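**Q** Listed here are the chains, written in short residue letters.
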Amino acid sequence: MAKRTCISFFSLLLFLAGSRAVAQDTVMVPLHLRAGFDISGPMLKFVNKDLVSYGLLTSVDITEAVTLNAGLRYSSFHTERHIYDFSSRGLSIVTGAEYNFLKANVSKGKYYAGIGLRYGLSLYAEEAPVIRYTNAWGEGVSSIPLSRHAGHYIEITPGFRTELFRGVTIGWNLYMRLLISAGAGKDLKPVWMPGYGPATKGMATAAEYYVSFSIPYKRKKVIIMPKTEDPEYEDEGEPVTAPPGTPSGFGGGR
Amino acid sequence: MRAVRQISACGIAAVMAFVISSCSVQPCYEETDPMMNTVLLASGTGESVRADSLRVRGVSATDTVEFVDARSVTSFSLPLDPASNLSMFYITVNGIHDTAVIYYTHLPHLVSPECGYTFTSNITGVATTHNIIDTLIIENSKVDLDGKKNLHLFF
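First to last, the sequence lines map onto chains V and B. If you're matching positions, the first sequence starts at 221 in my numbering and goes up one per residue. If you're matching positions, the second sequence starts at 211 in my numbering and goes up one per residue.
No wet-lab data here; the hints were simulated from the structure. Given the structure is predicted, the values throughout are model-derived calculations rather than measurements. Backbone N, C-alpha and C fix where the C-beta goes; we use that ideal spot for every residue, glycine too. Among the hints, a few may not be true.
Under 10 Å between C-beta atoms, here's a sample of chain B residues computed to sit facing chain V [stated by the list, open to error]:
| hint | residue |
| --- | --- |
| 1 | S270 |
| 2 | L288 |
| 3 | P289 |
| 4 | D291 |
| 5 | A293 |
| 6 | L317 |
| 7 | P318 |
| 8 | H319 |
| 9 | V321 |
| 10 | S322 |
| 11 | E324 |
| 12 | T330 |
Please take these sequences and the hints and turn them into a complete structure.
**A** Encoded structure:
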């Protein structure tokens, strides 16, 4: 009796499994390696002469939706105001991940609309060669010598990306940066921390427009329409053929 | 290509918006002069007391600068000279003169990119004559923009 019950149970499971896989569909999504550069940094030089910024970006698709990325940026900032002169320069390194909200059959490995989260480390030097002050005692000039620091921040990066040509991608990101530490103490927060921006503020925003070159390194099969069944097929008892690209073993379970 | 155009347009708009916002020069609205705050207290009781008249002048190498000339006061605030590690003051309470010297170290402090730098100080010592002033003690050595009380002057 128990043996018959078990056989019936497994038969039912197989039947259900077959039914649930009936309308499954899959797409093959290429996973890419990307390397590129920021074109907004050099463009900004024409508008904001205080700032020079060059950035490199690399990323690798881990799944059709998740991409790991890393970036390296050199920034140099120099401003001369009537009350002080300030300079900072250094390298910033960011690393993190981004999530693509587009489904695999829409993104096809070419399009991205999503959000990323990165940790940033800024290794920089700052100095204020001239500080002019006026108070009740009179006027004076002072300076802050060159000092080196390490700053830390988190950045949230909503953005878009698309394939311009085969192997060439363009995109842009907005940056909402949250300062963890400028590394220079409470008194000497830099006017501009390379990679972050004005370190006197706990949050900074920026935008980046970039071009990257991509190489597909793997193709991944992604199920895009799981767990649906068509009752008409069951009623009529017609054989169901698997959609193109469906692996053997799926769709023939009835 | 439509997606490319849309993304390019949005990207350029985002970058330009960032550039425009970052280029605007903001005025300075913040307090930039740290003051050494001193409270007048009655010698013996330690209670707050009002001076009928108070005059305080700072002594520099070349000149004296008047900082306070007031009647009926219970406290006063003075700037420390950022060009030196000591500031000397002539303090006249109720018409009686004393001289006080404040010793300190100072450190630059960025107020904001708009306001620039100021100098905060850490009081390391005080010295005074005792014509009317009984004692001058350090309550809080850090002279910054927080506005806390720094010295207690007993007379």
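**Q** Hint by hint, note whether the structure agrees.
**A** Here is how each hint holds up against the structure:
This hint holds: S270/B has a C-beta 6 Å from the nearest C-beta of chain V, less than the 10 Å allowed. The restraint placing L288/B at the interface with chain V holds, with a minimum CB-CB distance near 8 Å, inside the 10 Å limit. A least Cβ separation of about 5 Å between P289/B and chain V falls short of the 10 Å threshold, and the interface hint therefore holds. Taken as an interface hint, D291/B checks out: its beta carbon lies about 4 Å from the nearest beta carbon of chain V, inside 10 Å.
A cut of 10 Å between beta carbons decides the hint on A293/B: the least distance to chain V is about 5 Å, and the hint holds. For L317/B, the shortest C-beta to C-beta distance to chain V is roughly 6 Å, which falls under 10 Å, so the interface hint holds. For P318/B, the shortest C-beta to C-beta distance to chain V is roughly 5 Å, which falls under 10 Å, so the interface hint holds. Given the 10 Å rule on beta carbons, the hint for H319/B holds: about 4 Å separates it from the nearest Cβ of chain V.
The beta carbon of V321/B comes within 8 Å of a beta carbon in chain V, closer than 10 Å, and the hint placing it at the interface holds. Interface restraint check: S322/B against chain V, minimum CB-CB distance 5 Å, threshold 10 Å, status holds. At a threshold of 10 Å, the smallest CB-CB gap from E324/B to chain V is about 9 Å, leaving the interface hint in force. Hint status for T330/B relative to chain V: holds, with the closest Cβ pair at about 7 Å, below 10 Å.
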